[in-house]
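Keeping their order, the protein sequence lines are chains A and B. According to the working numbering, the residues represented by the first sequence are 1 to 225, in order. According to the working numbering, the residues represented by the second sequence are 1 to 83, in order.
By construction, these hints were calculated from the structure, which means they are not laboratory data. No experiment lies behind these values; they were computed from the predicted model shown. It cannot be assumed that every hint is accurate.
[Stated by the list, open to error] Reference listing, derived: stretches of chain B covered by chain A, where coverage requires no fewer than 3 residues with Cβ under 8 Å from a Cβ of chain A:
id, segment
1, 2-12
2, 36-48
3, 51-62
4, 66-74
[As the list claims (entries may be wrong)] Quick list of the computed label-pair ranges, beta carbon to beta carbon:
id, chain 1, residue 1, chain 2, residue 2, range
5, A, H44, B, M61, 22 to 28 Å
6, A, G188, B, D3, 31 to 37 Å
7, B, E32, A, D42, 34 to 40 Å
8, B, R21, A, D73, 42 to 48 Å
9, B, D25, A, G188, 31 to 37 Å
10, B, D17, A, A88, 28 to 34 Å
11, A, H109, B, R70, 17 to 23 Å
12, B, M1, A, R215, 33 to 39 Å
13, B, E72, A, P26, 19 to 25 Å
14, B, R79, A, P211, 52 to 58 Å
15, A, H109, B, I36, 30 to 36 Å
16, A, F89, B, R21, 32 to 38 Å
Glycine included, C-beta positions come from ideal geometry on N, C-alpha and C.
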Amino acid sequence: MPAKKSAENPRLAPSAVFALPMREPPDRSAEAQVIAAIIAGDTHLFHDLIRPYEHTIFSMAMALLRNPQEAEDVAQETFLKALRNLHAFRAEARFSTWLASIALNEARHHLRRDRAFESLDNTSDETDRIAPELLRDWREVPSEVLERLELRKMLQEAVTELPVIYREVFLLRDVEELSISESAESLGISAASVKVRLHRARIMLQMRLAPQLRRLAPKGRRFPW
Amino acid sequence: MIDCKHVWDRISEFLDDTLSREARDLVQRHLEHCEICSAILDSTRNIIILTADARVFELPMGYGERLHARLEEEISILRREPR
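Let's have the full structure, built from the sequences with the hints guiding it.
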């Protein structure tokens, strides 16, 4: 398909169209009320407070630790710490951000304790320029593709095999949806470093997955990537 | 006019809409004429959406039950020993 002017091609509309979609976040003011009620003594409400985050916190731990048992331990410890320290949660932060930071620290703690931590020094932000895979074909992401085991495994491997400094940024920014500055604060690095690492993480994923996804597409069909 | 490599270097920031207005306009103008870069942008965006989906990692069987049972234990302890 030849390139077209933006007026004819919705893909080339102004950049807002390209903005990554955000999942519907829990209502922040309702969440703040629940937190206040828990601190005031209605502790059982904590079960409801964390339900929206159970899966993403596990996923983040799993992507960092690559072991379901350890990931579950980290997720449990994250929520327990959040419960014990809820009085210290500052209302100006997002609860999801706070949880993600706790989970990151817990996962890092496990990594250091259980095995030789991948040296942060071995992966420089200043590696050679990386260029994305050239792909000409594309269509919308079908959500049901995640149901396919083979694809899910492919995605898991692509994420878990990212160097850890890129994986952490990708998890905070794209999975947990922290802002650049929140990610920077959680990781203890500059916003500029977050942007550099995030770019590399995303391009690495694209370079690795685009050819694999193309192969996965059934013969005779346009591949979606 | 910027070349394709300059666009690739800015894909992530373009997707996040964190480029300066000037830089964003340069990328935008390039995309309007470059089918390859616009396909790469779409592909990157889709791959981020797929890989960032929490469902990529399935929850272990019984995860929720174990988590809430453990929380319930802790809640009982906290209730007995109020801060």
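To see whether the hints hold, each was checked on the structure:
no.	hint	result
1	2-12	holds (count 5)
2	36-48	holds (count 12)
3	51-62	holds (count 10)
4	66-74	holds (count 7)
5	A:H44 x B:M61: 22 to 28 Å	25 Å, holds
6	A:G188 x B:D3: 31 to 37 Å	35 Å, holds
7	B:E32 x A:D42: 34 to 40 Å	55 Å, violated
8	B:R21 x A:D73: 42 to 48 Å	46 Å, holds
9	B:D25 x A:G188: 31 to 37 Å	34 Å, holds
10	B:D17 x A:A88: 28 to 34 Å	33 Å, holds
11	A:H109 x B:R70: 17 to 23 Å	18 Å, holds
12	B:M1 x A:R215: 33 to 39 Å	34 Å, holds
13	B:E72 x A:P26: 19 to 25 Å	21 Å, holds
14	B:R79 x A:P211: 52 to 58 Å	55 Å, holds
15	A:H109 x B:I36: 30 to 36 Å	44 Å, violated
16	A:F89 x B:R21: 32 to 38 Å	36 Å, holds
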